[in-house]
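Protein sequence lines correspond, in order, to chains A and B. If you count by the working numbering, then the first sequence holds residues 2 to 121, one letter each, in order. If you count by the working numbering, then the second sequence holds residues 40 to 403, one letter each, in order.
Worth flagging that the hints you see were computed from the coordinates, not collected in a lab. Errors might be hidden in some of the hints.
Here chain A is said to cover these stretches of chain B; the calculated rule only asks that three of the stretch's residues, wherever they fall, bring their Cβ under 8 Å from a Cβ of chain A [to be verified]:
{"no.": "1", "segment": "158-167"}
{"no.": "2", "segment": "341-354"}
{"no.": "3", "segment": "362-370"}
{"no.": "4", "segment": "383-389"}
Idealized CB from N, CA, C, for every residue including glycine.
If you want the building blocks of each chain, they are given just below.
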Amino acid sequence: MVRLIIDRKDLIDTISSFKKKGFSYLVKILGIDYIDYISVLYILRNLDSDEEIEIEVHLNQNDLWVPTIINIFKGADWYERELYEMFGIEIKGRKVRKLLLEKFSENIYPLRKSFKWGTK
Amino acid sequence: MSLVKINIGPVHPSTHGLLRLVVTLDGDTIVNVEPHVGFLHRGVEKLAENRMYMQIPPFIEKCDYVAKMAMDEAYVATVEAAMGIEPNERAQYERVILLELQRIASHLLWLGAMLNDLGHFFSVFMWTFADRDKVLKLLEEATGQRMFYVNMRLGGLRQEFPKDFEYHALDVLTYLEKRINEYESFIENSSLFKERMYKVGVLSRDDAINLGVSGPVLRASGVNFDVRKDKPYYVYKKLNFKPIVLYNGDNFSRYKVRILEIKESIRLIREAFKQMPDGNATGMPIKLINPAPKNKVVRVSREGPRGEIMFYLVADEQRPYRLAMRTPAFINLAALNHIARGNKFANLFPIIGSLDLVMADVDK
Chain A
2 MVRLIIDRKD LIDTISSFKK KGFSYLVKIL GIDYIDYISV LYILRNLDSD EEIEIEVHLN
62 QNDLWVPTII NIFKGADWYE RELYEMFGIE IKGRKVRKLL LEKFSENIYP LRKSFKWGTK
Chain B
40 MSLVKINIGP VHPSTHGLLR LVVTLDGDTI VNVEPHVGFL HRGVEKLAEN RMYMQIPPFI
100 EKCDYVAKMA MDEAYVATVE AAMGIEPNER AQYERVILLE LQRIASHLLW LGAMLNDLGH
160 FFSVFMWTFA DRDKVLKLLE EATGQRMFYV NMRLGGLRQE FPKDFEYHAL DVLTYLEKRI
220 NEYESFIENS SLFKERMYKV GVLSRDDAIN LGVSGPVLRA SGVNFDVRKD KPYYVYKKLN
280 FKPIVLYNGD NFSRYKVRIL EIKESIRLIR EAFKQMPDGN ATGMPIKLIN PAPKNKVVRV
340 SREGPRGEIM FYLVADEQRP YRLAMRTPAF INLAALNHIA RGNKFANLFP IIGSLDLVMA
400 DVDK
């Protein structure tokens, strides 16, 4: 498992350069709340050599946004919307038109650790 | 001509669950399809953070209630990876047999539902449903449950296969093989089927990769990727598994990939029974679980009937710190808009059917 921790400003360049190298398949985008920071992971796969790479971005809790990669991977669309509604991470460069899964819970971000199970 | 918006669902017989679609039409041609999902959202990922490791399989199974075993196994394999446990060889064979039986059951249900969408109302469905029941009986014999098994334990299964299981299973496989050939010959000769399957809902190879679809949908578009082959787990290497790949990317290819996969699964199970060594496949009782190392990160991919199931686990001692899931139907549905655009409205349902959606899998 190769993991690359990069700065947010290099995200678009890194992902598009990996795509040019053959990592043409986006497996998943996911977020993890480590309380000090939230990390966003982009898992890419090379379908010819079956190699995989995880590109990780650490976000400060009071500066939560990432640029969209929808222009590089069309499949990122729903993952980004999910990321926004589960963690409240703003996706810059696209308008998150509406919530995907949690229709009635705006401004509540259930997968953050500060959201306790059993509360509303 | 002005555009017309039509609302379909959330409760509609052809959406296979609670799925709402807002379709924009130009005459009879689809301009845009906007899926609205989330009606079955239960917050499985959050729930998992609040339960002990082996309390999770009972509800994680319900994510994909058509292929329970696949979800169950993928989750338990993730926990095994975090704890550094590997099942013995017999357990690996038994798991492969159960997984392939589950794949057959899932594809049989899909076949009936798909033909329903085409207008063969409930004739084929009843037949495939009866055949699926034979497979479910086998699974019941092996696991003790007909629908929701919760059969995987760390390092093996909850119980060993019963004595006569192999003979019963081989009987059912012989029967199924005959039935699948029958289905194939009469379904593919139906003119209704041909009109709505050939060259309808075409997804090109590049788009399939770019959209990130997986499973039969990806392989029907000519991409040779199957987790069982490319990142082999258990004993798939020894079974000489060959992925089924077709190149047209239309509804028919997606149908055919699944039919051929059933046949391949039948072959795999027979081979697995032949090679299976003696031994005991029973896994650890729940109470004997060692705590997982803190902050260990594991990622496990499995080829489910609907596509790639991936679990990403950040382990804590007694329960997951974070459990992220890649459910296959979620991202296959996200590709619907792209596939359906430009098709006739009447062909929307065959396209949805060919994606093999399970809405609980989409909504998590």
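For each hint, the structure was consulted:
| no. | hint | result |
| --- | --- | --- |
| 1 | 158-167 | violated (count 0) |
| 2 | 341-354 | holds (count 4) |
| 3 | 362-370 | holds (count 4) |
| 4 | 383-389 | violated (count 0) |
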